[in-house]
Amino acid sequence: MNDIAKKLLKEVSGLDEMPKGAYNIRENSKSVARQSSENIEIVSKEDKSGIDIIVKPNTKSENVFIPALVSCSGVHDLVYNDFFIGENADITIIAGCGVSTGDSCDGSEHNGIHRFFLGKNSKVRYVEKHIGEGTGTGKRVIDPVTEVIQEEGSYMEMETTQIKGVDSTRRFTTAKLKDGAKLVIKEKLMTHGEQFAESKFEVDMDGEDSSVNLISRSVARDYSRQTFISKINGNTRCMGHSECDAIIMDHGVVSAIPEITANSLDATLIHEAAIGKIAGDQMIKLMTLGLTEGEAEAKIIDGFLN
Amino acid sequence: MLKLENISFEVENEKEILKDVNLIIEKGKFIAITGPNGGGKSTLARIISGVLKPTKGKITFYGEDITNLSITERAQRGISFGFQQPVRFKGITVHDLVNIAKGEDLSVMDASHYLSEVGLCAKDYIHRELNDGLSGGEIKRIEIATIIARNTKLSIFDEPEAGIDLWSFNHLIDIFMKMHQSKENSIVIISHQERILDVADEIIAMVDGVIVKRGAKESVLPELLHCEDPKNCLNCHDILEA
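Which chain is which? The protein sequence lines are A and B, in order.
For what it's worth, the working numbering labels the leading residue of the first sequence as 1, then goes sequentially.
For what it's worth, the working numbering labels the leading residue of the second sequence as 1, then goes sequentially.
In short, the hints are calculated from the structure, not lab data.
Here the structure is a predicted model, which is why all the values come from computation and not from measurement.
Glycine included, each C-beta is placed from N, C-alpha and C at the ideal position.
Hints are not guaranteed to be accurate.
What the hints assert, rightly or not - What the simulated footprint calls covered on chain B by chain A, stretch by stretch (three residues with Cβ under 8 Å from a Cβ of chain A suffice, anywhere in the stretch; the number is not a length):
1) 54-68
2) 80-89
3) 98-111
What the hints assert, rightly or not - Ranges of calculated distance between the beta carbons of each label pair, as one might list FRET restraints:
4) Gly193/A - Val210/B: 23 to 31 Å
5) Met109/B - Gly14/A: 21 to 29 Å
6) Met177/B - Thr227/A: 51 to 59 Å
7) Asp302/A - Gly137/B: 23 to 31 Å
8) His127/B - Ala274/A: 19 to 27 Å
9) Met177/B - Glu208/A: 57 to 65 Å
10) Asp65/B - Thr227/A: 19 to 27 Å
11) Gly136/B - Gly14/A: 34 to 42 Å
12) Ile24/B - Glu198/A: 45 to 53 Å
13) Thr227/A - Asn151/B: 45 to 53 Å
14) Glu295/A - Glu16/B: 30 to 38 Å
Same shape as in the complex, but just chain A (with noise of 0.2 Å):
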């Protein structure tokens, strides 16, 4: 693993070393070191590029990293994971990718099928960051397609954070809820220059009792462009609630689409959706305690995105 690619793993992942237990590290679409542990197996697909995650029922307070880097330009990887989580399973996954172009006018692509089969009664924390690097015009994508089956009882914390460096993104996420499944998202997104970036939420609340909390932060700087799109059914009893919080600067754009449909007369569905510009007397607030206009609204972005 080169120079570029340590750092990347290490910004995506916070490894500095080979971590204890199972991982998967891909770079430049091949899988350079992978291990399984005891109770998380980790084997390849036979049919096309990328990995099954096997967690075995009952694992407890497990962590798996499976971080993928685009070291150089020119690259355009593609990827298929599946996690087949077993029940009453408790783990912490915690993927990334980051993608450097160097000083190149090539571009370079990460795309990321993931698909989370949750068994019953199983836990889920799963971690991605997303991380664009290069001073050349190459554009860097990462466009990540997202999967999650979840039986019943079973809960998933998704934490996605993007906060600099990657031209494009659409993201797409859809997940299918039963009985007291639960999922949670939290989105946290900063854009840049002439980046764009789109979040798609397609969610079908099944079971009774199953919830879902989509929550959005993002900033949108200089000329980028967001679009946030949630789409929650509520098929049955069940709580939905979407939240899309944008603070808009320079020339940012923001867009929140909602789609909440109540298909029960038991459904609970909520969105919530804020965009606007730092507000002035947070700004004045900030100065008043002695900071400068640049630290305020460093420490208020900071704040709003942590």
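Since the structure of chain A is already known, use the hints to place chain B on it.
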């Protein structure tokens, strides 16, 4: 220490909010500014802290002309301003705000000290976000804690009692008295509360953008309220508490 000379503030096509105000706040003084709503008290506080720029006049602070200094520069020179309606922030915690106010990264224990000062159980609040989850009284007390943490030469509070319950209000008086023990730092409080007026060294009465009277409470209130005995007058009491 703080000197305002011929300060006027005018909003285009509207009335003059401050009219040729002259004021000196000496070192170590505790001054209360009172008067009817719309009299220019909050505008005066905002002019001193730099949130508003006067249309005429000069402000000096410890001999330096600060008329054209920014909010930040005035804050850095030792002026603090507690808002009447504290600002809320998504994602910024109470601990973060105390750190910003203090200008250094405090441990949880050190930051908690300032919350205890304003009667908040620190462990319940230190990690809370300054968002809509906090009540008006809670965020007000946190606002006051940040001013205590700054410990600056001049602290201005705009109606600190607003939104604070009675129990906290009693505690608030103690906080100001404690701050007033410093002979170096001055406190200016805009207030209608008689209890605050009671403990101030001097009272300034503002009506229609003009300082109409300055002095001890006994001499100021009768003139402000056009009443010989405001302390025992129900009408005056209502006006003061409004």
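Verdict for His127/B, Ala274/A (Cβ pair) under range 19 to 27 Å: holds, 24 Å
Whether the CB-CB distance between Met177/B and Glu208/A falls inside 57 to 65 Å: Cβ of Met177/B to Cβ of Glu208/A: about 59 Å, so the range 57 to 65 Å holds.
8 Å C-beta criterion, at least three residues: is the segment 80-89 of chain B covered by chain A: Per the Cβ count (6), the hint holds.
Range hint 21 to 29 Å (beta carbons of Met109/B and Gly14/A) holds or violated: With a Cβ separation near 28 Å, Met109/B and Gly14/A satisfy 21 to 29 Å, so the hint holds.
Per-stretch coverage check for the segment 54-68 of chain B, three Cβ contacts closer than 8 Å to chain A: violated (count 0)
Verdict for Gly136/B, Gly14/A (Cβ pair) under range 34 to 42 Å: holds, 40 Å
Satisfaction of the hinted span 30 to 38 Å by the C-beta atoms belonging to Glu295/A and Glu16/B: Between Glu295/A and Glu16/B, where Cβ atoms are some 35 Å apart, the hint holds.
Pairwise beta carbon distance, Gly193/A to Val210/B, judged against the given window 23 to 31 Å: violated, 53 Å
Range agreement (Cβ of Glu198/A with Cβ of Ile24/B, hint 45 to 53 Å): violated, 60 Å
Outcome for the supplied range 45 to 53 Å, where the beta carbon pair is Thr227/A and Asn151/B: Holds: the Cβ-Cβ distance is about 47 Å, inside 45 to 53 Å.
Distance restraint hint 51 to 59 Å, applied to the beta-carbon atoms of Met177/B and Thr227/A: holds, 56 Å
Pairwise beta carbon distance, Asp302/A to Gly137/B, judged against the given window 23 to 31 Å: For Asp302/A and Gly137/B the Cβ distance comes to about 28 Å; the hint holds.
In the structure shown, a violation is registered for the earlier hints numbered 1, 4, 10 and 12, in ascending order.
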